[in-house]
Amino acid sequence: MLIFFVAWALLIVFRLSQIMVIERRHHLESSSQDGWRIEYIPAGRGRLLDAKGLPLAWSTRHFRLIWQVPRDPRDAEKEWDELNMRIQPEKHWNRDKIRLFLDRQILLDNDLSGNEFQALADMLENNSEQSFKIESYFKRHKIAVSKLGERIGKTILRNGTEHGIAGFEKSYDNTLRGTPGVIKIFVRHGGEVVTESKQVLQEVQPGYDVYLPFTLNVDR
Amino acid sequence: MDSSHYNQNRKSALSPVGWLCVLFGLVGCLTVMNATWNLDTPYRHLAGQALWLIPAVAALLFFTKCPRKWLTKIMFIGGALLWLALWFSIFHGVQTEIEFPFFEFQGFNLRIPQLAAPFFAFSTAWILAKTDLKQEQKPVFYTIIPAIWLFAWILPMLIKPVPGMVFTYACAFAVCIACSSSRTTKPTITLVLIAMLFTVFAHICAAPLELPRQQLERALASGGFWGQSLGQSTWALYTIPFPNQCSIIATFGESIGLLGLASLVLAVTAWVVHGYKTSGIQTDPMQRYAIIALVSIPAIQFFAHLAVILGLIPPMRIPLPILDTNGSTTIATFAIVGIVENIRKNNIQPMS
Numbered sequence: 001m002l003i004f005f006v007a008w009a010l011l012i013v014f015r016l017s018q019i020m021v022i023e024r025r026h027h028l029e030s031s032s033q034d035g036w037r038i039e040y041i042p043a044g045r046g047r048l049l050d051a052k053g054l055p056l057a058w059s060t061r062h063f064r065l066i067w068q069v070p071r072d073p074r075d076a077e078k079e080w081d082e083l084n085m086r087i088q089p090e091k092h093w094n095r096d097k098i099r100l101f102l103d104r105q106i107l108l109d110n111d112l113s114g115n116e117f118q119a120l121a122d123m124l125e126n127n128s129e130q131s132f133k134i135e136s137y138f139k140r141h142k143i144a145v146s147k148l149g150e151r152i153g154k155t156i157l158r159n160g161t162e163h164g165i166a167g168f169e170k171s172y173d174n175t176l177r178g179t180p181g182v183i184k185i186f187v188r189h190g191g192e193v194v195t196e197s198k199q200v201l202q203e204v205q206p207g208y209d210v211y212l213p214f215t216l217n218v219d220r
Numbered sequence: 001m002d003s004s005h006y007n008q009n010r011k012s013a014l015s016p017v018g019w020l021c022v023l024f025g026l027v028g029c030l031t032v033m034n035a036t037w038n039l040d041t042p043y044r045h046l047a048g049q050a051l052w053l054i055p056a057v058a059a060l061l062f063f064t065k066c067p068r069k070w071l072t073k074i075m076f077i078g079g080a081l082l083w084l085a086l087w088f089s090i091f092h093g094v095q096t097e098i099e100f101p102f103f104e105f106q107g108f109n110l111r112i113p114q115l116a117a118p119f120f121a122f123s124t125a126w127i128l129a130k131t132d133l134k135q136e137q138k139p140v141f142y143t144i145i146p147a148i149w150l151f152a153w154i155l156p157m158l159i160k161p162v163p164g165m166v167f168t169y170a171c172a173f174a175v176c177i178a179c180s181s182s183r184t185t186k187p188t189i190t191l192v193l194i195a196m197l198f199t200v201f202a203h204i205c206a207a208p209l210e211l212p213r214q215q216l217e218r219a220l221a222s223g224g225f226w227g228q229s230l231g232q233s234t235w236a237l238y239t240i241p242f243p244n245q246c247s248i249i250a251t252f253g254e255s256i257g258l259l260g261l262a263s264l265v266l267a268v269t270a271w272v273v274h275g276y277k278t279s280g281i282q283t284d285p286m287q288r289y290a291i292i293a294l295v296s297i298p299a300i301q302f303f304a305h306l307a308v309i310l311g312l313i314p315p316m317r318i319p320l321p322i323l324d325t326n327g328s329t330t331i332a333t334f335a336i337v338g339i340v341e342n343i344r345k346n347n348i349q350p351m352s
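Line by line, the protein sequences are chains A and B.
Each residue of the first sequence is one higher than the one before, starting from 1 at the first, in this note's numbering.
Each residue of the second sequence is one higher than the one before, starting from 1 at the first, in this note's numbering.
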């Protein structure tokens with residue numbers, strides 16, 4: 001059986017060598033050429049409401065801004081200046097620092113506000129090279145009532161989807177939690193996404209709201 | 001092994017293999033930090049991984065130092081309790097669509113199938129050692145018993161399908177059977193194992209998991225031979241969905257390159273060779289089977305996880321020992337190292 005494990009290890013090292021050394025150039029070139037990409041779409045979690053419809057726990061969608069820094073420093077500075085005219089990225093990024101991340105992707109802002117989103121809209125529309133990308137994610141909030149907070153419970157994130165792990169969040173998890181979507185999309189050379197090529201492997205299904213059988217005043 | 005070597009080992013808290021295991025644990029912290037540095041709370045992930053190391057090192061020390069007369073009892077009682085916990089977690093654990101139900105406490109998740117792995121291996125060794133001795137009296141009866149034993153362990157994981165752990169358990173069992181001296185056991189058990197693995201693959205085919213294969217390959221290719229250095233695995237971080245979870249080895253691979261990943265594979269292979277050498281000098285069949293089964297579990301998980309990432313076998317959610325954010329697997333792996341070292345040091349005292 002030792003031979004079996006050694007052979008398995010050799011096979012893995014061979015496959016690693018194949019991807020990381022022998023076919024490396026092909027993979028790196030193809031990364032700047034056309035190709036298919038799989039993306040996950042997190043489903044929005046339903047709200048927990050009291051009997052009168054007052055939200056006790058709810059999810060909010062947030063957006064993060066990602067930037068593929070151009071290879072040429074002058075292009076990078078130009079895009080950086082253009083971005084700075086519209087929004088203020090997170091403080092730890094500055095003009096000097098981005099020179100260290102040429103031809104790489106960086107997270108510029110983890111929580112874009114509505115105004116920032118609007119300010120970026122025209123820039124993203126004209127962004128033919130797709131160097132800026134906005135991704136969405138969810139945060140769960142609950143009403144600030146100390147005793148009720150424990151009964152409401154809490155959630156954790158698993159592959160972008162919120163799962164209830166305690167309290168009502170856990171009891172009604174199947175209803176509250178939606179089904180995340182999985183899509184396959186064609187990406188052209190330079191990162192341009194061909195939206196017509198989108199194939200839905202799994203439909204995104206948002207979670208349902210749950211009305212709890214009490215009102216907040218009675219509970220207090 | 002002579003008595004001077006035994007006395008020498010007693011002086012240090014851990015054997016060299018134990019220290020290497022701790023080193024692997026620290027590499028696991030590095031892996032997690034490398035895959036989360038771009039998130040808004042990177043130190044929380046690192047602290048979580050480091051906290052898992054505390055019970056893991058405690059388990060390693062406990063099982064290394066545990067007196068032999070207690071070890072067997074602890075393994076049987078622990079095995080029975082964890083088998084019950086498997087069933088309990090089905091009904092009362094946190095239910096998700098993507099993994100076996102688990103228990104959650106203050107953000108830390110306890111996964112029973114992973115934690116039970118060393119206990120399964122130990123008890124399987126006991127069953128095989130017992131049935132081997134009695135094969136000649138009632139060959140059919142003593143051939144069926146190990147198959148029922150395996151089925152009893154796997155049944156909860158077939159009800160709430162967790163193909164990765166079923167695969168791990170079945171493969172560890174198969175490795176033990178392959179090393180078994182009994183000839184009558186092998187054909188029947190082989191059929192059972194084929195049926196078991198068929199069930200796993202049928203489940204995988206029924207609910208196929210999509211892995212971003214092209215993105216994983218490009219992340220690894222970006223690492224090249226030397227790697228991009230730690231914190232620089234930007235291709236993986238920004239193109240692979242959830243780079244700090246199931247794809248963490250690809251993210252780490254981009255940082256440490258082929259050289260680093262091949263070193264990890266070499267280290268795991270050296271661990272298997274060490275285990276098989278240790279099992280070879282055991283006179284007691286139970287100790288021999290126990291070491292083989294215990295050594296096989298982390299090795300199977302590591303190699304199978306890499307095989308999935310590299311596209312050699314279909315995705316089945318096999319946990320990655322120690323390097324992953326899965327703390328239960330870390331504890332189980334440290335416990336396995338402790339038990340193997342305990343048996344190696346005290347091989348003069350037969351278990352069965």
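Heads up, some of the hints might be wrong.
What the hints assert, rightly or not - Examples of chain A residues lying across from chain B (beta carbon under 8 Å, computed):
| # | residue |
| --- | --- |
| 1 | Met-1 |
| 2 | Val-13 |
| 3 | Ser-17 |
| 4 | Arg-37 |
| 5 | Leu-100 |
| 6 | Arg-104 |
| 7 | Gln-105 |
| 8 | Lys-170 |
| 9 | Val-204 |
In short, the hints are calculated from the structure, not lab data.
In this text, a Cβ means the ideal position worked out from N, Cα and C, and glycines have one as well.
Okay, the hints, checked on the actual structure:
no., hint, in the structure
1, Met-1, "5 Å, holds"
2, Val-13, "5 Å, holds"
3, Ser-17, "6 Å, holds"
4, Arg-37, "7 Å, holds"
5, Leu-100, "10 Å, violated"
6, Arg-104, "4 Å, holds"
7, Gln-105, "4 Å, holds"
8, Lys-170, "7 Å, holds"
9, Val-204, "14 Å, violated"
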